[in-house]
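Visitor: Could you put the whole structure together from the sequences, leaning on the hints where they help?
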Amino acid sequence: MKRFLFAGVCLLISLTGCSFHKAAEDKAEIVVWHWMSDRQSAFQELAKKYEAETGIRVRFEVFPHGVYSQKINAAAAAKDLPELFGILGDKKLFSSFIKAGLVDDLTFYMNENNHRWKNSFIDISLAFNTFDKGNSYGVPPGIYAVPIDTMGIQFLYNKSLLAKIGVSPDSPPSNWEDFIKDAKLAVDKLGVSGFVCGWGENWLIYCLATDYAFNIMGQDKFFATLRGEVPYTDHDWIKVFSLFEEMRDSGILAPGIITMNNKEAEQIFASGRSLFSFNGSWGVNTYKQMNPSLRYSVMPPPQAGRDYPVKIWAGAGSSFVVSRLSSRHYEAIRFLKWLTEKDQQVFLVEKTRNLPSVKGCDSKVSVSMKQFLKNSKYFTHPNLWPLNEDSRVVEAINIGIEKIIIGEKTPQETAVDVDKVKQLRMERK
Amino acid sequence: MKDKAKKTFYLLIIHIFLISVALSCVFPFLWMINASLKSNTEFVSDYGFSLPHHFSLVNYIAAFRDGHLGMFFLNSMLYTFFGVLGIVIISSLAGYAVSRLQFRGRNFIFALFLAAMMIPIPAAFVPLYVLLKGVGLLNTRLGYILAMINVGLSLSIYLYKTFFDQIPRDLEDAARIDGCGKLRIWWYVMFPLARPATGVVVIFNALNVWNEFVLALLIFSKRGLMPLQVGLMDFASSGVGLTQYTVLMAGLTIASLPIIVVYLVMQKHIIKGITSGALVG
Amino acid sequence: MNYPSGREQFKSFSFVLPAFAIFAFFYIMPFFYTFWLALHRGSEISSLGFVGLSNFRDILFHDKEWWASVGRSFYISFWALTFQNFLAFILALAVDKAVRTGKIYRVVFFLLPVLSEIIIGLLVRNLLVPYPGVFNHFLHQIGLSSLAHDWLNNPDFALRTLAFTHCWRGFGWGFIILLAGLQTIPQELYEASRVDGANAFQRFTKITVPLLMPVIFLVIILTILGTVQVIGLPMALTRGGPAGKTTVSVLKILNDLNNSHAGYASAEGLVLGFILICVSFSLLKISKKFKP
Numbered sequence: 331m332k333r334f335l336f337a338g339v340c341l342l343i344s345l346t347g348c349s350f351h352k353a354a355e356d357k358a359e360i361v362v363w364h365w366m367s368d369r370q371s372a373f374q375e376l377a378k379k380y381e382a383e384t385g386i387r388v389r390f391e392v393f394p395h396g397v398y399s400q401k402i403n404a405a406a407a408a409k410d411l412p413e414l415f416g417i418l419g420d421k422k423l424f425s426s427f428i429k430a431g432l433v434d435d436l437t438f439y440m441n442e443n444n445h446r447w448k449n450s451f452i453d454i455s456l457a458f459n460t461f462d463k464g465n466s467y468g469v470p471p472g473i474y475a476v477p478i479d480t481m482g483i484q485f486l487y488n489k490s491l492l493a494k495i496g497v498s499p500d501s502p503p504s505n506w507e508d509f510i511k512d513a514k515l516a517v518d519k520l521g522v523s524g525f526v527c528g529w530g531e532n533w534l535i536y537c538l539a540t541d542y543a544f545n546i547m548g549q550d551k552f553f554a555t556l557r558g559e560v561p562y563t564d565h566d567w568i569k570v571f572s573l574f575e576e577m578r579d580s581g582i583l584a585p586g587i588i589t590m591n592n593k594e595a596e597q598i599f600a601s602g603r604s605l606f607s608f609n610g611s612w613g614v615n616t617y618k619q620m621n622p623s624l625r626y627s628v629m630p631p632p633q634a635g636r637d638y639p640v641k642i643w644a645g646a647g648s649s650f651v652v653s654r655l656s657s658r659h660y661e662a663i664r665f666l667k668w669l670t671e672k673d674q675q676v677f678l679v680e681k682t683r684n685l686p687s688v689k690g691c692d693s694k695v696s697v698s699m700k701q702f703l704k705n706s707k708y709f710t711h712p713n714l715w716p717l718n719e720d721s722r723v724v725e726a727i728n729i730g731i732e733k734i735i736i737g738e739k740t741p742q743e744t745a746v747d748v749d750k751v752k753q754l755r756m757e758r759k
Numbered sequence: 138m139k140d141k142a143k144k145t146f147y148l149l150i151i152h153i154f155l156i157s158v159a160l161s162c163v164f165p166f167l168w169m170i171n172a173s174l175k176s177n178t179e180f181v182s183d184y185g186f187s188l189p190h191h192f193s194l195v196n197y198i199a200a201f202r203d204g205h206l207g208m209f210f211l212n213s214m215l216y217t218f219f220g221v222l223g224i225v226i227i228s229s230l231a232g233y234a235v236s237r238l239q240f241r242g243r244n245f246i247f248a249l250f251l252a253a254m255m256i257p258i259p260a261a262f263v264p265l266y267v268l269l270k271g272v273g274l275l276n277t278r279l280g281y282i283l284a285m286i287n288v289g290l291s292l293s294i295y296l297y298k299t300f301f302d303q304i305p306r307d308l309e310d311a312a313r314i315d316g317c318g319k320l321r322i323w324w325y326v327m328f329p330l331a332r333p334a335t336g337v338v339v340i341f342n343a344l345n346v347w348n349e350f351v352l353a354l355l356i357f358s359k360r361g362l363m364p365l366q367v368g369l370m371d372f373a374s375s376g377v378g379l380t381q382y383t384v385l386m387a388g389l390t391i392a393s394l395p396i397i398v399v400y401l402v403m404q405k406h407i408i409k410g411i412t413s414g415a416l417v418g
Numbered sequence: 019m020n021y022p023s024g025r026e027q028f029k030s031f032s033f034v035l036p037a038f039a040i041f042a043f044f045y046i047m048p049f050f051y052t053f054w055l056a057l058h059r060g061s062e063i064s065s066l067g068f069v070g071l072s073n074f075r076d077i078l079f080h081d082k083e084w085w086a087s088v089g090r091s092f093y094i095s096f097w098a099l100t101f102q103n104f105l106a107f108i109l110a111l112a113v114d115k116a117v118r119t120g121k122i123y124r125v126v127f128f129l130l131p132v133l134s135e136i137i138i139g140l141l142v143r144n145l146l147v148p149y150p151g152v153f154n155h156f157l158h159q160i161g162l163s164s165l166a167h168d169w170l171n172n173p174d175f176a177l178r179t180l181a182f183t184h185c186w187r188g189f190g191w192g193f194i195i196l197l198a199g200l201q202t203i204p205q206e207l208y209e210a211s212r213v214d215g216a217n218a219f220q221r222f223t224k225i226t227v228p229l230l231m232p233v234i235f236l237v238i239i240l241t242i243l244g245t246v247q248v249i250g251l252p253m254a255l256t257r258g259g260p261a262g263k264t265t266v267s268v269l270k271i272l273n274d275l276n277n278s279h280a281g282y283a284s285a286e287g288l289v290l291g292f293i294l295i296c297v298s299f300s301l302l303k304i305s306k307k308f309k310p
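Chains as they are written, first to last, in this note's numbering: chain A, 331 to 759; chain B, 138 to 418; chain C, 19 to 310.
Please keep in mind that the hints were generated in silico from the structure rather than gathered at the bench. These figures come from a predicted structure and were not determined experimentally. Yeah, the Cβ is synthetic: ideal placement off N, Cα and C, and Gly gets one too. A few of these clues could be false.
Negatives, chain B to chain A, calculated, CB over 10 Å [claimed, not checked]: (1) L160; (2) A248; (3) V267; (4) L355.
In silico DSS-like cross-links for lysine-lysine, where the CA-CA straight-line distance does not exceed 30 Å [to be verified]: (5) K144(B) <-> K224(C); (6) K307(C) <-> K143(B); (7) K270(B) <-> K409(A); (8) K359(B) <-> K270(B).
Guide: Below, the structure is given as structure tokens:
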């Protein structure tokens, strides 16, 4: 009995011993936390390269999407953040981190040497991480994160299928009516779906809805709605919601679209079972892996409203911030600078097939990827808007549109529901 | 004569029923194993429902070589072993106390354990992280094992208590007359008798710890400490842009083997355990 | 209660000490934090605002979505209690009779709980997605085309599909426990009653069921606790869709947590816990009446 207890205690001590030993190792390295599982091995290669060049160890740790935000929150509360980390969320969350004093202001380093670092970036990527003077988040103006890639979310079409229904593969539909017409033809004549998208991931619904909101009512009225000056029951908003009703009624939506995650949607488009799709530039990689012989292209979103341009979400894909709590702060920034140099960006582009965040890598970017940066004058993104919609209202919009698609509500009813939530949230302020 | 025919007929129906349900239970395993033997592009096109064109063990090899499954496997074995050991000892001690010993607050403490089974605390990650950091157990094996022990405490204590309640007091009294203190009674009399309850506790907790990954991701910040499930997920998502489903399946197949072994070993005890009226409320 | 001396009491308490120490650290302290958090709006990072009990007021009186999600959890519980446990019971009875092959079935039926929810979700989703529609194809083959539906996306069916999948996966536990309980009942009782002229039905209702009552209640309580807290399966099968039709209570809590409504999510957790405690308490009272 005594021997058993003794053995047990020895074992426990040895376990604790292991942990102390590990703590000692952590002294001289830069730790980076992120959620991009598919880039982890590319990052690790870069880390090795950096260590060979400078002798400083960099350790990338990846935590899957679902747990990442919880972990960062918890680490922030415990003041235990790593030197570099990504922020998984919208600009509001970003601003909270800044206001809590957790994130470094990088403006000084960006502007050093005649704005050298700042100018190396593609404008829209950096704008993502910048807070302007007088911004609505209450954050002192500055640049607070470094983008490491760029992305855009666009309409895609399958060239071979388009040709099969008798439309020239180089002239995809440019307005909404033609879009619906072509999609219907594909359904009727070819037996494929007209349109597929990963709407199980709600934010893609919001993305499409806002693209067309800009198109139908223009950006002034759009922002006025966010400020609470225009109700969601306005006829222009009902027009936006009706677009989804029209898609439903014309039978062009892929079956099961509202519980589909993005991967499944990519699968369907890659195997030629849908004429149109709506996806981000990360899809290039997936399509290539699933079906290298797929002939597809990007097209500007078919215009539904005549008065204003339709917008496209684009900006930095992922960015890293520097923790203010860390003592190895200067090394971390040095590493970031190195990471965003052309050589490293080109490496990432080739390995992970994402768009670079710095200028001058164009030659290495494949044709299909470059397409996602087409139509750049229409780029926008919630992170670039003067203010963002309350998250509960966004949820209501997404659920409301889903209900329209399954036929449970009409656009008018959804507008009323969304507006109710908006009123409630405005009161709370 | 007619009776016998009737009986065989019923027996036949029963067996057909049993077999069809059994088939539906084995089907997922077959699907998983089938998927693990094919290539990922094939899986993506047929969703895993047709036989592979070429059988290959490529996924298994990849899982061990590139996915470092060996290291994660060892970690999980470590955590499961010590976690279950810890739970069995700690909760049987506690179960014994709540069942047989007298002290102020006994019922209150037991009620607390029961209530914990029912009240989810969604935002617990933050305080947990802060607390663990405070005592220096963050990112340590010990910290994780303790957290895992906590997860299984309530149910295990409940099981042990109800089991101990059933054991006749004479054996205990006899031991006490012989001069045994409480601890000796627990070790020499109660715990051995509770072997069947231990069987249930072992299986239940082994399953939980083995399949766990959320707390591991939260508590650990170094890949080298992560358990098997995390290693599998890592590896499955490592292919750029596309989940390597077939490799995941290979990993999951490997991962389910130890648990099945544990179950096979323990299930005899469970049957005996509940047989002796263990889980009777 | 006749309490022994203080020193004796302390020695007794020390048996519970390790468990209680761990419990206090990993549950009780976070619980107080959660309770404190539930009195605030927002989440830790985005600055909390004290709102007193208004989160609870909102949940109880204004949040239709919350009660809908609780309803869905209990809907699944209902199916689990009836279909799943009924199935487990029937199977346990059947295996009890077919003693020779019993051992194989004992292993096979437990295979499903061994697999994690994620993989079962993945499998069933692949079976039921409209394309390639493997399951519906199978139905066509055996001539039951009229039963083919869009199991995952049709709002009328999605929740049923989830409930059914959960029951199918979960019956293994109930089966094991009930089978063991059945094997507890001494054969002599059955023999004696047969001699007395009792038929199969009477044997079942007068012997089997009463003696099995305590085990049945254990299974009931464990089932309710287990189903109300299910989360992996809805996530993998339908992501809570279509249009939120399979968003069960714990999934809603998790969504709120991820959308920076940590205070609200904590309050929801507490409300759910309270509901479960009430349910368990009432079941306990009822079960006391059935004690033989």
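Visitor: Hint by hint, note whether the structure agrees.
Guide: Each hint tested on the structure:
Every C-beta of chain A lies more than 10 Å from that of L160(B), the closest at about 27 Å, which supports listing it as non-interface. No beta-carbon of chain A comes within 10 Å of the beta-carbon of A248(B); the shortest separation is about 29 Å. Listed as outside the interface, V267(B) is inconsistent with that label: its C-beta sits roughly 4 Å from the nearest C-beta of chain A, within the 10 Å cut-off. At roughly 6 Å from the closest C-beta of chain A, the C-beta of L355(B) falls inside 10 Å, breaking its exclusion from the interface.
At most 30 Å may separate the alpha-carbon atoms for a hinted pair to count; K144(B) and K224(C) meet this at roughly 22 Å. Only pairs whose Cα atoms come within 30 Å are accepted, and K307(C) paired with K143(B) is rejected, the gap being roughly 39 Å. Of the pairs offered as hints, the one joining K270(B) and K409(A) holds, with about 10 Å between alpha carbons and a cut-off of 30 Å not exceeded. With a CA separation close to 15 Å, the supplied pair K359(B) and K270(B) stays within the 30 Å bound.
In summary, the structure is inconsistent with hints 3, 4 and 6 from the numbered list given earlier, while agreeing with the others.
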